[in-house]
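Kindly produce the complete structure, drawing on both the sequences and the hints.
Chains as they are written, first to last, in the working numbering: chain A, 2 to 164; chain B, 346 to 768.
Don't take each hint at face value.
Simulated pairs of lysine-lysine, DSS-like, Cα-Cα distance not exceeding 25 angstroms [what the hints assert, rightly or not]:
{"hint": "1", "chain 1": "B", "residue 1": "K416", "chain 2": "A", "residue 2": "K157"}
{"hint": "2", "chain 1": "A", "residue 1": "K161", "chain 2": "B", "residue 2": "K373"}
{"hint": "3", "chain 1": "B", "residue 1": "K603", "chain 2": "B", "residue 2": "K416"}
{"hint": "4", "chain 1": "B", "residue 1": "K718", "chain 2": "B", "residue 2": "K357"}
{"hint": "5", "chain 1": "B", "residue 1": "K507", "chain 2": "B", "residue 2": "K603"}
{"hint": "6", "chain 1": "A", "residue 1": "K161", "chain 2": "B", "residue 2": "K584"}
{"hint": "7", "chain 1": "B", "residue 1": "K501", "chain 2": "A", "residue 2": "K157"}
{"hint": "8", "chain 1": "B", "residue 1": "K501", "chain 2": "B", "residue 2": "K362"}
{"hint": "9", "chain 1": "A", "residue 1": "K86", "chain 2": "A", "residue 2": "K7"}
{"hint": "10", "chain 1": "B", "residue 1": "K501", "chain 2": "A", "residue 2": "K86"}
{"hint": "11", "chain 1": "B", "residue 1": "K416", "chain 2": "A", "residue 2": "K86"}
{"hint": "12", "chain 1": "B", "residue 1": "K357", "chain 2": "B", "residue 2": "K513"}
{"hint": "13", "chain 1": "A", "residue 1": "K157", "chain 2": "B", "residue 2": "K397"}
In short, the hints are calculated from the structure, not lab data.
For reference, the chains in residue letters:
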Amino acid sequence: MKCSGKVWKFGSNIDTDAIIPGRYLNVTDPEELAQHCMENENPRFVQEAKEGDIIVAETNFGCGSSREHAPIAIKAKGVSCVIAKSFARIFYRNAFNMGLPIIESEEAVDGIREGHEVEVDLASGEITNRTTGQRYRANPIPPFMQEIIDDGGLMKHIAKGRS
Amino acid sequence: MPMTITEKILAKHAGLKEVEPGQLTNAKVDIALGNDITAPIAIEQFRRAGAKRVFDRERVVLLPDHFAPNKDIKSADQCKLLREFAMEQDLAYYYEVGQMGIEHALLPEQGIVVPGDLVIGADSHTCTYGALGAFSTGVGSTDLAAAMVTGELWFKVPETIKLIYRGKLRPWVGGKDLILYTIGQIGVDGALYMAMEFTGDTIDSLPMDGRFTMANMAIEAGAKNGIFHPDRITEQYVKGRARREYHFYKSDPGARYKEVREFDVSTVEPQVAFPHLPSNTRGISEVGTVTIDQAVIGSCTNGRIDDLREAADVLKGHKISPNVRLIIIPATPSIYRQAMKEGLFDIFLDAGSVISPPTCGPCFGGHMGILAKGERAIATTNRNFVGRMGHPESEVYLSNPAIAAASAVLGRLGSPEELGRKR
Chain A
2 MKCSGKVWKF GSNIDTDAII PGRYLNVTDP EELAQHCMEN ENPRFVQEAK EGDIIVAETN
62 FGCGSSREHA PIAIKAKGVS CVIAKSFARI FYRNAFNMGL PIIESEEAVD GIREGHEVEV
122 DLASGEITNR TTGQRYRANP IPPFMQEIID DGGLMKHIAK GRS
Chain B
346 MPMTITEKIL AKHAGLKEVE PGQLTNAKVD IALGNDITAP IAIEQFRRAG AKRVFDRERV
406 VLLPDHFAPN KDIKSADQCK LLREFAMEQD LAYYYEVGQM GIEHALLPEQ GIVVPGDLVI
466 GADSHTCTYG ALGAFSTGVG STDLAAAMVT GELWFKVPET IKLIYRGKLR PWVGGKDLIL
526 YTIGQIGVDG ALYMAMEFTG DTIDSLPMDG RFTMANMAIE AGAKNGIFHP DRITEQYVKG
586 RARREYHFYK SDPGARYKEV REFDVSTVEP QVAFPHLPSN TRGISEVGTV TIDQAVIGSC
646 TNGRIDDLRE AADVLKGHKI SPNVRLIIIP ATPSIYRQAM KEGLFDIFLD AGSVISPPTC
706 GPCFGGHMGI LAKGERAIAT TNRNFVGRMG HPESEVYLSN PAIAAASAVL GRLGSPEELG
766 RKR
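Now the structure itself:
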């Protein structure tokens with residue numbers, strides 16, 4: 002599976018309140034959550050991010066709360082992949098369970114700038130910067146976790162396995 | 346093979362003799378917990394998976410504490426969904442407003458979680474129960490849904506970082522200060538994916554409420570769980586409360602640790618975490634002049650009876666600054682009643698504070714004390730991220746209850762000693 006799009010760059014410790022503020026947690030509708038994604042951190046993101054765009058962040062992305070609203074909002078916003086140097090533990094698990102592709106790569110984060118066009122091959126772990134032509138390595142996503150993403154999340158994956 | 350307490354509990358629940366860090370295990374869950382913001386998504390997933398009944402009506406616990414008492418129509422709808430599911434499934438432990446307390450204070454108090462348990466909760470502060478010597482960790486709604494169906498969940502066995510605290514605590518220094526100090530030292534991802542094991546002679550004499558506060562904030566260092574060795578203090582707490590059989594596990598001599606750190610606490614003063622990270626800590630003597638508009642004493646971190654006593658001890662005979670709103674939130678109905686019986690409410694009301702029913706409300710910027718643009722609050726809560734308590738341009742400073750109370754009186758960050766309070 003491949004994802005490609007324009008990059009939105011963020012710093013370290015992007016917390017779940019930055020991704021989706023607590024005041025919106027009385028909502029579960031993905032489209033409504035998407036309208037507030039990252040609004041505290043970068044209001045331009047909500048207005049300008051397009052289907053397929055990619056988030057690139059430094060360390061500990063998604064720290065804080067266990068709210069699944071965070072990966073739901075990012076996915077519903079149309080983000081195709083999140084690349085970071087590291088992810089907070091609960092967010093990491095939630096992202097896969099929601100079917101949002103995420104991948105860890107220090108060199109990609111160091112090499113990519115905001116606005117670059119980037120392609121991610123989840124199976125091989127290869128990240129290509131189409132703007133600069135650079136290539137970066139990331140740990141590939143194991144096949145069983147790719148299946149979860151391909152099926153659209155853990156519950157859909159389980160339901161598929163049962164049928 | 347020598348194992349840590351975390352490894353022993355995971356092995357036991359996975360039906361294995363031993364486990365090691367990095368190993369993937371499928372383990373039985375003793376308690377699966379959800380609240381009014383996370384459970385609605387889990388219930389939807391539960392239904393989508395075609396499930397009819399939860400795996401055990403006594404082991405799935407639901408309660409509305411975040412937006413309850415209902416903040417608005419959307420919150421009311423979420424709480425209604427929770428209530429109807431609890432009724433349909435005939436859950437033994439569903440707590441309605443009136444019996445409801447902040448989940449991580451209520452479950453140990455009610456003896457629903459006990460030492461040796463494996464607990465998951467769709468709330469990141471589920472790590473609080475590590476104070477009892479349980480393995481306890483926060484998960485998302487989908488993982489909660491899976492556990493509600495099967496009673497099991499997969500876990501990667503974490504590496505453990507051992508934190509040893511030695512020495513006598515200074516006046517007005519408690520569990521909150523130790524955990525803030527630790528996060529200040531190791532950073533908000535200093536224990537990422539790891540278990541934090543809290544030990545040492547300081548911990549041996551730390552009361553339960555201080556231990557709950559420390560375990561509660563393990564997530565703020567990125568940890569999977571925080572854990573204490575159960576001892577006489579634990580035994581005293583659980584005796585008469587536990588609704589199930591409990592087990593005391595201890596780390597073996599020779600157990601493997603990713604890292605060991607020692608702290609001499611005799612030099613640690615009360616801590617304040619400045620915006621916008623819990624790791625951004627300073628000793629109270631180094632805070633400078635920071636005026637405040639609001640103070641909040643409560644939450645799953647510091648809303649227990651010891652916390653309220655500490656705040657009352659500082660507030661007694663004082664009035665809060667006319668420029669400050671002080672919101673006090675006893676975490677459970679029992680704590681509320683106990684505080685009232687002890688006369689703490691008179692002290693709080695005389696000082697000019699407002700007493701809220703149990704709720705998570707202001708801590709996550711939900712309701713009951715939201716900050717306007719440019720406002721500053723000191724809070725005994727656990728997170729001070731951008732916009733955590735309201736407007737993105739508001740600020741939250743984290744501290745223990747004594748510092749929060751003293752600051753409310755002073756109208757700026759400050760210590761009880763400035764009010765002539767000795768301990």
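The hints, checked one at a time:
1. For the given pair, K416/B sits about 32 angstroms from K157/A by alpha-carbon distance, which is inconsistent with the 25 angstroms threshold.
2. For the suggested pair K161/A and K373/B, the alpha carbons sit about 24 angstroms apart, so the restraint of at most 25 angstroms is met.
3. Simply put, K603/B and K416/B have alpha-carbon atoms about 44 angstroms apart, too far for the 25 angstroms limit, and the pair is violated.
4. With a CA separation close to 50 angstroms, the supplied pair K718/B and K357/B exceeds the 25 angstroms bound.
5. Distance restraint check for K507/B and K603/B: the Cα-Cα separation of roughly 8 angstroms lies within the 25 angstroms cut-off, and the hinted pair is therefore satisfied.
6. Distance hint between K161/A and K584/B is unfulfilled; the C-alpha atoms sit about 46 angstroms from each other, more than 25 angstroms.
7. For the given pair, K501/B sits about 22 angstroms from K157/A by alpha-carbon distance, which is consistent with the 25 angstroms threshold.
8. Between K501/B and K362/B the CA atoms are separated by roughly 16 angstroms; this keeps the pair inside 25 angstroms, and the hint holds.
9. Proposed proximity of K86/A and K7/A is supported: the alpha carbons are some 18 angstroms apart, at most 25 angstroms.
10. The hinted pair formed by K501/B and K86/A meets the criterion: a straight-line CA distance of about 20 angstroms does not exceed 25 angstroms.
11. Between K416/B and K86/A the alpha-carbon distance is near 38 angstroms, which puts this suggested pair outside the 25 angstroms criterion.
12. Pair hint K357/B plus K513/B does not hold up; C-alpha atoms about 35 angstroms apart against a cutoff of 25 angstroms.
13. For a cut-off of 25 angstroms, the pair hint linking K157/A to K397/B stands: about 17 angstroms separates their Cα positions.
The structure shown violates the earlier hints numbered 1, 3, 4, 6, 11, 12.
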